[in-house]
Structure formats: C-alpha cells, structure tokens
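J.: If you read the sequences in order, they're chains A and B.
Every letter in the first sequence is one number past the one before it in the working numbering, and letter 92, counting from 1, is 92.
Every letter in the second sequence is one number past the one before it in the working numbering, and letter 101, counting from 1, is 101.
Just so you know, these hints were derived from the structure itself, not from any lab.
Quantities reported herein were computed from a predicted structural model and do not represent experimental measurements.
By construction, the Cβ of each residue, glycine as well, lies at the ideal position given by its N, Cα and C atoms.
Since no wrong hints were added, every one of them can be taken at face value.
Simulated restraints, written as ranges between beta carbons of each label pair:
| no. | chain 1 | residue 1 | chain 2 | residue 2 | range |
| --- | --- | --- | --- | --- | --- |
| 1 | A | 163 | B | 118 | 44 to 50 angstroms |
| 2 | A | 169 | B | 101 | 50 to 56 angstroms |
| 3 | B | 105 | A | 171 | 52 to 58 angstroms |
| 4 | B | 284 | A | 318 | 43 to 49 angstroms |
| 5 | A | 159 | B | 116 | 55 to 61 angstroms |
| 6 | B | 157 | A | 254 | 29 to 35 angstroms |
| 7 | B | 29 | A | 168 | 56 to 62 angstroms |
One-letter residues, chain by chain:
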Amino acid sequence: MTADITNVRPASRGWFSRIGAQNVSLLISLVVLLAIFGALRPDVFFTPRNLINIGLAVTILGILAMAQTVVIVSGGLDISVGSIVGLSTMVLAVALQETGSIPLGILACLAAGLLAGAVNGLIIVYGPVNAVIATLGTMSAFRGLAYLMNNGNSIPIVGDGLRLLGTGTLLGLPFAIWLLIAVMAAFIVFTRETIVGRNIYAMGGNPTVARLAGIAVHRYQVGIYAMSGCAAAIAGIVLASRTMSGQPASGSQGLELEAITAAILGGCALQGGKGTIVGAMLGVLIIGVLNNGMILTSVPTFYQLLAKGALLILAVIVQERQRTRNGE
Amino acid sequence: MSPGRVSQILSSFGAVWIAVAGLYVVSGLLSPAMFSTGQVINILQVASFLGVIAAGQTIVILTGGIDLSQAGVVTLTNIVAASLMAGLSENIPLAVGMVVFLALAVGAINGLLVAALGITPLIATLGMNSILFGAALVYTGGAPSGGTPASFQWVGNGALFGLPVPTLFWIALTFLLLVMTRKTVWGRRLYATGANPRAAGMMGVSTLRIDLSAYMLSSLTAAFGGLLLTAYTGSPSLGIGNQFMLTSVAAVVVGGAALTGGAGSVLATMGGAVFITELSSFTNIIRVSSGTQLVVQGLLILVSVLAYRVLSMSRRTGSAI
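Bound-form chain B, shown alone (with noise of 0.2 angstroms):
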C-alpha cells in the first residue's frame, strides 16, 4: 500500500484516532489509573456531551461556517428543561418538545442571518449567544429553579450493555449522521457547498438551504447535548454551556475539519472529543495545575492543525507519484 493509500484510509477515518490510541497508551503508562475499565466508561461518559454538541459544529464547519450560539443553546436547554420538568416524570415530554422547538428556531434564525443577510457566521452566532444568554437570565431572573425527575437522569447516569446511556446516544447520533452526510443527496450538497459555495449554486444546490439545515442540526446536537447534561448534573445551572462555546469547535478542529468548510467528518470529529477529553481526564489524575491544563490545550489545537497540514501535504504527494 502506497503512503497515499494509507493516509487517504486515515483522513476518511480520522487520524485522530490514532492520537487516541497514543495517548491512551502513554497515559496508561504514565499513570496506570487511566487503564482501568471504569476509567474509560468514565471518559466515554464525559466526552459524550461535548461529542454530541460537536457533531452538529462539525456541520456546520462542514459549510464554512462556525456556530458559537451552541453554548447558548445549552444553556438555555438545561434551564427550560429543568424548570418545565419540575421534578415530575409526566413533564418530560413537554420539557423535551419545548427545548427541541427552540433549538430549531435558534437554528433557522442563525442560518437565516448568515444564508439570506449574508453575516458572518462568527458575528451572527455570537450576537445570538449573547442573546441567548440574556434570555437564560430573563427567564430564571438569576435564579434558575427546577430540576429533573429521577427517570429523566436514567439517560444521563444509566448504563446499558455496560456503556452509559450517553454514550449509546452518542453513537447512536453520529452514525445516523455519518450516513447522512456520507450516503445521502444532502449530504453530497453539505460537501459541496462547504468546498465552494458558488460552484455548488451554479450546480443547482440551494445553499440558503444547505445552510439553514446546518444551523438547524448544530443548534439540535447542543440541545441534545444539553438535555443529557442535564439529565446527568439534574439540576440546572447558568454556567453549564459556557465551556462548549470553544471546546466544540476545538473537538472538531482537532478532528481535522477545514474551517475553510467542505473538509472534514463527524467521524473524525467523534475522536476529537474524546482526545480532548482523554487529555483533560489525564492531566487531572497527574494532578497537573490548571496552568499547564490550558497551556496544553492550546499547544494541542495548534500542533494538531499543523499535523493535518503536514498530513494532506504527503497525500498530494503521494498520489503524485
């Protein structure tokens, strides 16, 4: 097999995956902790929620675009949903519909204001995370209220086939949207209007649609990961989504999507959020400070773009010979 072949294999799998797999070895090693099984089911818990929101952000960075209202959205999610369940199962299904309604109209509203106005993706999502925000602490006057019903934090605590119920829904999400975007119409167009927009408009796409289903589906991913969050914390808290505002585009990025769109899979972006993850699980147990925490994190972002640089230039290369 030709270095072209092999590298060709990883970028359609994910080289982060191999990152993974590194890490684990070396943290395994380092710290013997990290091997036990409990450990893993731990991390697999905690990585499904910044998975979940970062398998919408990957389509969205898919189109060229960027959506930093997820963290809003989360937020959002968590205090609605606490404070319509109330602590009673039969609000549940309410809860859910309502938080769900929402999302999708933050959707279309961001994929309206970069699609039809012409926004920038940044700016839109980011006067639409503030607003967002605000909404949060309009809604709970500062004071968020509420909580979950013991059967709703079954999602975010259970376990199944030995894996937590995130974790399954995880999967369960980005399979469905691997298919998607691998196997369907729509998911050709998503590439297409990502790689260039103006080609895929004069194929007769429409990318005012394209766009507005990626805003749609990046605001329902971090309503779902918020509503598993919720289930897990069961209590709501206006500090929850700050964290995702960055960390699913940094999930994605080291994944190896383009932030130039058109680049990219939800399958890659799935080991990003457990790299991350991983890596922020492994310096807690070496009890590393936050300092270094940070410093590690960011080093990481940009040693894993320049790693995907230098990887898709040997694919050009090898293919040339």
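The following block holds chain A by itself, in its conformation from the complex (with noise of 0.2 angstroms):
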C-alpha cells in the first residue's frame, strides 16, 4: 500500500510540472472565461447540455489544430487543411455510394487525406518549395478537385451507419468527443513518449543539427504533411457525418487559419520546435468557449470577429514577451 501511495505522488507532481508555465497561463485564461460566461448565464452555461455543445463545436478545430501543432512544431505549416477536409468529404460520399460499405468508405478517405497529405510534403522536401507557398498553391488544387469530383454539387450520403457517428452517444458523450479525446490521447502519447515524437522537436529546432544527429529530416517531413493530410480527414469524416454530404466547398471558411490561431495560442513558435498538444487543445477550448460564450450572451456576430482576431494579436505578443525575458 505504502508503495502505492509513494508512486502515486510524485507521478501527480511531474503531470502537473509537464503542464508548463505557459500551460498554466491559457488554464488561467480559460478559467477567466469561464467565470465570466458562467456568471453572465448562470442559467445555461454550466449545464452538460451546453459543455457538450462546446465540445461539439470544437471536435473538427481540435484534430486540425492538434495536427496543425506537430507540422508547426516541425517549423513547418499547412495552410491546404481546409481544402483537404472539403475534398475528403468528397472522396467519403463517393466511396460510399459506390461500395455502400462503411469501412471502406472511411479507409478511402483517410487514404485520400494521406495522399494529399503526402503530396505536400513530397513538394515541400523535394522541390524543394517554401511550406507556406506549397499549401498555398495545393489549397487551391485540392479545392479544385473536390469541385470536380461531382461538378462543384455536393453529394448526399445515404444510410444510417454514418449518421450514428454524428450522433450516437457512448456514457453521456457524443461518439464525436470520444473520437477528439481518442486523437487527443494519440497525439499526446505520439509527442511525448516516441522517438519520433521527440525528434520532430529535436528538428523543429535546429534541422541542421538534427540532420548531423543521423534524423532522416527529409522522409519525416514527408511524413508530418501525410499525417496532417490523414488528420484532415478524419476532421472531414466527422463534418460528413453532421451534415451527411460530401461538400466541395466544407472547410473553405478560414478553418486552417482558426487552426493555426489555435496551435500559436496554445504557444507554438511559428520558428518550430515549440509547442504542445496539451497547449493546442486549451487554444481550442479557448476559441470554442469564447464563440460559445459570446453567443449566449448574444454579443453581435460582428463583435466576435474582432475579439478573435485581437485575441490572437494578444496572445501572440504576450508569448514573444514571455520568449524575450526567457532570453530566448
């Protein structure tokens, strides 16, 4: 029993050191949030009902800003996510209209997100090409396909099985939010405790130096843009069973810059080698209480541009502040 306890306490410490100094500044942040929300709606704001919503609305952002933090933290950036997510919605409907098996509809999807995925990172490594200009032009293209795959219609997606992952329930918690916790744990456990996961790190921060330390720098890209791709997809596997549609045009509206704004407020270094997926997830939940709370309180949607956009100025100045006095 004694032994118990004695390995027990110093694992809670080391969670609670992991979280971080930065950790704890976006934790305050939400709490701040919380309580004020919580106090303007008492009535609404605290009930599972709303928790739930929040969580709901935020499952899409969070897998693409999770995925966004390793590209980032690589010292890359993947501005095509969106297109991917629009055009994987695409290859879902159509695979399931042609085979009408579920399984394979999902496979074919995430094996399209993979693909796109890894046709940016083939361009950025072997062009080689500037990852924001590569996303760039790729965002366009796979929009494009999306358009064309049916013409720029969207196709419905007939069947139940689909349906019940938008909006079948496990203990409570929609199948969604069991999905976003899955990845969530994926992605922590990927960072955290591989080599792999180490090394993007190691990359992110100096690419010479991990090149020299025998880290194959060029096949990991390759396959960070493949994950994000694959990701994407999965982000789009979600929408499609919301919507129950392929949409070409799904993801188009600033997605992958609300996962950046994420992946930067949760404290990724835009220079790479920085951030956490623990940090990203708090950005989202940030960003998914803020858009929560500024709807019950029915502040103007037009309002709620602006405090996002001065949200992210000020979350990144507060960050370079922190960075300058860590004489970074």
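With the hints as a guide, dock the two chains, each given alone in a separate frame, to form the complex.
T.: Right, dumping it as structure tokens:
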C-alpha cells in the first residue's frame, strides 16, 4: 500500500510540472473565461448540454489544431488542411455511393487525406518549395479537385451507419467527443513518449543539427504532412457525419487559419521546435468557450470577429514577451 | 551574350513577362476571342485592381514579411468610401482622405507589431485582417449602405488615351514604386533589410523604420486598390476584399519574388498580376469548370516557384563559367 502512495505522488507532481508555465497561463485564461460567461449566463452556461455543445463545436477544430501543432513544431506550416477536409468529405461520399460499405468509405477517405498530405510533403521536400507557398498552391488545387468530383455539387450520403457517428452517444458523451479524446491521447503519446515525436521537436528546433544527429529529416517531413492530411480526413469524416453529405466547399471558411490560430495560441512558435498538444487543445477550448459564450450572451456576430482577431494578436504578444524574458 | 547574362536581364525585368506573352499566344490560338483588343483592354482593367494591391505586397515581401491584412483593408475601404460618399460628389475628398488615413494607421500598427514587438508577420497581419473585417461588419451592421457618385465611377470605368483609368493609375504607381525601390536610398535599405536584417542593422539601417514604411505602403496600395474597385462596382459589398488575401501574395510569387525577402521587383509583380488575370480570363472563355480553374491556379503557383528555382540555378552556373 505504502509503495503505491509513494508511486502516485511524484507522478502527479510530474504531471503538473509537465503542464508547463505556458499552459498554466492558458488554463488561467480559460478559467477566467468560464467564470465570466458562467456569471453572465448562470442559467445556461454550465449545464451539461451546453458543455457538450462546446465540445462538439470544437471537435473538428481540435483535430486540425493538434495536427497543425505537430507540423508547426517540425518547422513547417500547412494551410491546405481546410481544402483537404472538403476533398475528404467528397471522397467519403463517393466511396459510400460506390461501395455502400462504411469501413471501405472511411478507409478511402483516410487514404485520400494521407495521399494529399504526402503530396504536400513531397513538394516541400523535393521541390524544395517553402511550406507556405506549397500548401497555398495545393490549397487551391485540392479545393479544385473536390469541385471536380461532382461538378461542384455536393453529394448526399444515405444510410444510417454514418449518421450514428454524428449523433450517437457513449456513456452520455457523443461519439465525436470520444473521437477527439482518442485523437488527443494518441497525439500526446506520440509527441511525448515516442522517439519519432521527440525527434520532431529536435528537427524544428534546429534542422541542421537534427540531420547531423542522424534524423532522416526529409522522410520525417513527408510523414508529418501525410499525418496532417490524414487528420484533416478524420475531421472530414466528423463533418460529413453531421451534414450527411460530401461538400466540396466545406472547410473553406478559414478553418486552416483557425487551426493555426489555436496552435499559436497554445504556445507554438512558427519558427518550430516549440509547442504542445495540451497547449493546442487549451487554445482550441479558449476559442470554443469564447465563441459559445459570446453567442449565449448575444454578442453580435460582428464583434465576435473583432474579439477573435484581437485575441490572436494579444496571445502572440504575451508569448513574445515571455520568450524575450526567458532570454531565448 | 552568355546564358548567365540573359537570365540576369530576365530576372531584373521579370521572366514572368515571357510567360504572359506565351500564354497570350497559346490562348489566342485556342480561342481567337482572346486576340481582340476589347478582351486585352478588359484583362488590363481587371488586372489593375489586383496589380495595384500586389504592388504594395511586393514591398512587404521584399522585407521578408507578408501582409494578409490587405483583404481587410480593401473591404473596409470599400465600405467606408461608399458610405461616406453617399452618392455625392462633394464628399469624395473626405472619403478618400478618411480611407487613406485608416490605411496608414492599419499599416503602422502592422509594422509596429512586426518590427517593434517581433510578432511573426503571418500571424500579426492575419489577426489584423480578422479585426478589419470585423470592423467593417460593425460599421455597417451587416447591411452596407451608400454608393459612389457618377463622377467617382469614372475613376473605375473611364478611359484615357484608349486605356482604362485604373490601368493608367496602376502603371503610374508601379513606375513610382520602381523608382523608389531601385533608385533611392530607401530602396537599397529595403532590399538590404530583406536580404539580411541583421547585417542591414549593423550597417546602420533602421530596420524598424523600413518595416514600418513597407507595411504602411502595403496598406496604402490596398486602399488604392479598394478605391478603384469601389469606383468600378459603384457599390459597397462586404465580400469584396476576400479574394485578394491570397491572390496578392500569389501575384508576387508568380512574379518571382522570394518569400524569404530581398529578391523581387514591382515590375515582375505587375507581370504576375497580368498573368493570373489572363489565365482566369482564358479559363473563363473556354468554359472550364471552376474546379479545373482552382487546380490550374494551384499548379501555377507551384510551377512558377519551381521554374524560378531552375532559372536562378542556371544563372549561378552561368556566372561561374
């Protein structure tokens, strides 16, 4: 028994220190936001239903932001993810139409995302092309492909199998939230506990040293963008399960920019080498709570945009301050 | 003339002009309508909006930055100008003055965020874009109002010496910026800052001032582009600027500027803007689906970046010989 207790305590302290000073400030901001909106709308805000709503609203953004975090940590940027989301919903809809099998449809969708991401990686590595330009180009190209799949029209998805993913619940929580939690767990383990994950941090911190240390930087980059594409496809599946259709234009409403915003808010440095999955998720939650709270307190849509832009700039200023104070 | 010398001339003038001419011939052969004078003038008129906006983007990209808030400036300009003019000629000076003031303020804030606070340009200007678009929504309450008087619409639709007025403005602006970047001390400092900010700083260049002036110019040309567009359409629209967020960067990149800074030219960006407009006009004429158009646009960006890389490599080997 005593052995158990001594084991537990350092582990929990380690868990706390692992959150990091950066994330503590995010956590505080999140708590402050929760307190403000909770006080303004005590009747609605903290109801389980509303909290689940917030979770559902951030599922897609969360998945994209976590993948974007890994890309940014490696020193890159992927602004084509929004287009890949749209493309993957189309692939899913077509595959379901052709095969009628949900596993096959999902497989095709994930493969399409993986392939699109790998194309990004290959262009960036073997062009070599600056990541912003490369994914700017493929953002347009992937969107075009999505339009070409059905002359720019959406494709309805019939059958209840996929709908279940969008509406079903397990232990009171919707499937989509479980999926988000699973993806988050996978990303946390990947970035913290695997050698590949740690190598990605080394690579973003200093690519030359990483290469000299024997990290296959090029292969890593292709893999990271392929992973980002695959994550976008997962987000596409969630989206398609809600709209029950393949929408070529979906994901085009600045989804990639919101994902980048969340990652930056969560402590990613665009120079690479810095950023955490937990931080990104805190960033996503802050955005989600802010959106939800502003709607509940009837802040006009117009001011919501203003608030988001100001938040992004403020977050980066605070971070920059912290970095200069740390003498980096 | 050695191949090295040829590519040197090409890079100072903009190799993109060869692509512009090539595309013109190819598209004209495939669809003779492209050869008509009317169509050429039409392309030059439409290209001038993108061209004016991208001219300022070039200056920012020369410093190694990027300005994604131009879209917001265009939209806000359109909204504010139309509302202040309210269809009356006597309000034009007030509206133009207000728009220019707003643009300079936005550019100054961008410049300070980037140069004084050290925020990554992509993020700073992206946040600013969101703020500007939000401000346009707040200003209008979602329902834009006002309009331009007929005398102002001449600026967007009129013609002088057979050329559309926006095109003439575009040519004059490009020429002015060309002289500023190539013949003045400020221009040399601009290129030096973009090529190596640290070295430029050590040489005594105030990189803060250079960045500040670059972002202010970029906002200003976005406002000019917005005014020309407002004169062209004659009415306010909240979505008017969106398309320019990335196309203005694309025009600069297609023109051959390096996103890392220090390399590029406003003349080449002019070619980039013509090329992009020419291509979309051609794909419109031959009735290609919008999907194919998007794919072509994306490939264009990638192909042009790769082509410039090959070109610069041949220049390096050429001068070595």
